[in-house]
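Taken in order, these protein sequences are the chains called R and S.
Taking our numbering, I'd label the letters of the first sequence as residues 1 to 260.
Taking our numbering, I'd label the letters of the second sequence as residues 1001 to 1261.
There's no promise every hint is true.
Unchecked claim - Here are some, though not all, of the chain R residues that point toward chain S, as calculated from beta-carbon distances under 7 Å:
hint, residue
1, Ala132
2, Phe135
3, Tyr191
4, Asn214
As the list claims (entries may be wrong) - Residues of chain S placed beyond 10 Å of chain R at every Cβ, according to the derived structure:
hint, residue
5, Thr1050
6, Asp1086
7, Arg1106
Derived by calculation from the structure, the hints in this document are not laboratory data.
C-beta: ideal position from N, C-alpha, C; glycine also.
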Amino acid sequence: MSQIGLQMYTMRHVSGDRESFLNTLDRLVEIGIEDVQISVPAFMTCGELSEELRQRKMKADSVFCSTVRILDSLDQIRREAELLHTDVLRTDSIPAALRKDAAGYRQFASDLNRQGEALKKIGLAYMYHFHAFEFVSFGDIRGIDILLGETDPELVLFQPDVFWLTSAGTEPSDFLWRFANRARYMHVKDYAIRQLEGAIENVPSHFAPVGTGNLNWPGILKTAESIGIERFVIEQDIVEGDVFAAVKLSVDNLKKMGLS
Amino acid sequence: MGISIQMYTLRDFMKTKSDLDATLARVAAIGYKTVQISIPPFLDVRELQTLLAAHGLRADSVMAPTAAIPEQLDRICQKAAILGTDTVRTDGIGHAYTGSADGFRRYAAILQEAGQKLRGRGLNFMYHNHAIEYTNFAKGTGMSILLRETDPDCVWFQPDVHHIAAAGLEPSQALLAFQGRCAYVHMQGYAIIPGEGFDPQVPRRTVPVGEGNLNWPGIVAACRQIGVRLYVVEQDFCIGDPFDEITRSYQALLRLGVADD
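In isolation and in its complexed conformation, chain S is listed as follows:
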């Protein structure tokens, strides 16, 4: 079991090589041993790997846009090997596919093709969802289509507990749908902003793990049940100092019984 951090959370503190270097040092000092990171424009994959190793960190996956995967298999495999990971993560579903059940079916076929090709090279492939995949159609949600129409062996998911809740589902229940095809999960809290009115779009915000209103014990229990190996802290927006907030998340995960070994 382990804990990771999606570096998007710290995007404002890694715009140059020296900033990234300093940020990785602080991340490692908090206790993180693993990061989820995309190759920044100012580094190549080897330089990134060297930098991570210098801080005693490792990458949990390599990022590849879904549409490009079939043509870029060799390059992806090479990057994964350099970063020492067996997992490929991908970007979100595009606007072009979310408007209809048929759109989700077409996207499922694209995921399936990418996942099959990566499985052929011995790599795991995971799709990271937000709330839009839970769009309600006449016969179920977009997510039910993605789950049903992709092969559990080839297409895995990296669900996000905040966004599952934002879609109206109960994360501790909804996670069970990913049984056996979910090695990583994104963890961020869900809190509400005090408001004066009754607007249906109650302002919600992302907060550190362990804070806010999510059912944390239920979520961790469900993650254990479905085989999650890595709990990836990702906080889309921080209110205070992001380094302080990711420290709180790391410590909360340890308190929740998630070991980082």
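With the rest of the complex left out, here is chain R:
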């Protein structure tokens, strides 16, 4: 098991069919990726995916299911988790309809607890991956505060993402403490500034390979280690240039920072 993983969403433009997908897996093995965060592709069964990963000594770090389908899909989830040899289920974002106010976030927190409880009964940990919009304020409380405060740490884990923590205006090396003992995996990518486009007040940010932007990596890795992060999952939502080179650069830089 490596401390470094890859969210395969990063590779979506080079894995659209079976042939390119398998070729991409081969190339990732060469780069040194063993652990992947992956959804079962449309052109494959979960059993076939499991076999392709096994042949390459790769491993899926979780299975995926949308929040709204979990309670009706427990048998399928259990089967997929067995086939992929994982004990983690990750999910998608809070439904748009529940994002509008604090009551919506409270509803979603209660849903997460219920889903987490059902998953615990079949031996799975439940992991929510947030973005930046959960950091919206409703008076004195933010969406993320509600999710952290009103979900049961025994039932709901989080998968923090250092880019989105930064996009939200928090300092990741500080805010990550809020996930102490509630996070096993973390998404990593850098936050870079490129050319001036438009007004000086609205300089846009760019996704970038780890170590090539402005994030406070020493501080982030220090806190991540303290709160018990086991796996740093590279996810670069948008890549400028060759995606394999970008992933390799992230892997190399994470290793230079001391990860194995």
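Chain R is already provided as a structure; the job is to place chain S on it using the hints.
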């Protein structure tokens, strides 16, 4: 220690002399004693000083475009003397310099020349940055070039905590790079607008100090550590009533332990 307000925040309420007069009255009533203001087109520097004094306000600096500083030294010194300030602030880096590390090096030389000349006249010179100065080049950011290639005695900075965060840095850490060359700091909050999608450019907005997601206690601690004397409220865009928002900022700074004396 003190609190100031960059009057750009209230730009829509100071387009005539009578509007400016009324706006300064409201600013003073909130508690502000210091303002950061450019000389408006309808006043000369003496008239501005008279107006400020009438409201019990003082200017924290005089504004001068970087490129014009070497030729306009006498005039700048005169304006500073009339406004009773020892600090010159300047405009932002132009588009022409931000595209390459070399461009930042050339701009650093321009800042250095202006700062040296002003130091020769006993004036402090400070550059106000946004996020673009943190453009990533192969060997570091534009800001690292500006910091490295200017003399800490001649070229100071007036960093903005919102824009440091918008560049992806942690303000409470990034401010430490300005140790000893940062007397003023721009303070504005950073919040996000609720969105439906996952666009990488998550809509962020400027909000009053103390609100939003910035690490305020960490920021104030870093400011104390690097020698900040003046906390300048600047809110690029207000959502509600700007006077209400700058009141919230002023009170939040007091709550954060910033004295206005």
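Answer holds if the nearest beta-carbon of chain S is closer than 7 Å to that of Asn214/R; otherwise answer violated.
-> holds (4 Å)
With d taken as the least Cβ-Cβ distance between Thr1050/S and chain R, does d exceed 10 Å?
-> holds (32 Å)
Is the Cβ of Arg1106/S more than 10 Å away from each Cβ in chain R?
-> holds (16 Å)
Against chain S, is Tyr191/R within 7 Å by beta-carbon distance?
-> With a closest approach of 3 Å, the Tyr191/R hint holds.
Does Ala132/R pass the interface hint, meaning its C-beta sits closer than 7 Å to a C-beta of chain S?
-> holds (4 Å)
Mind checking the CB of Phe135/R against every CB in chain S and telling me if the closest is under 7 Å?
-> holds (5 Å)
Compute the least Cβ-Cβ separation between Asp1086/S and chain R, then decide whether it is above 10 Å.
-> At roughly 27 Å from the nearest Cβ of chain R, Asp1086/S sits farther out than 10 Å, so the non-interface label holds.
Hint compliance for this structure: no hint is broken.
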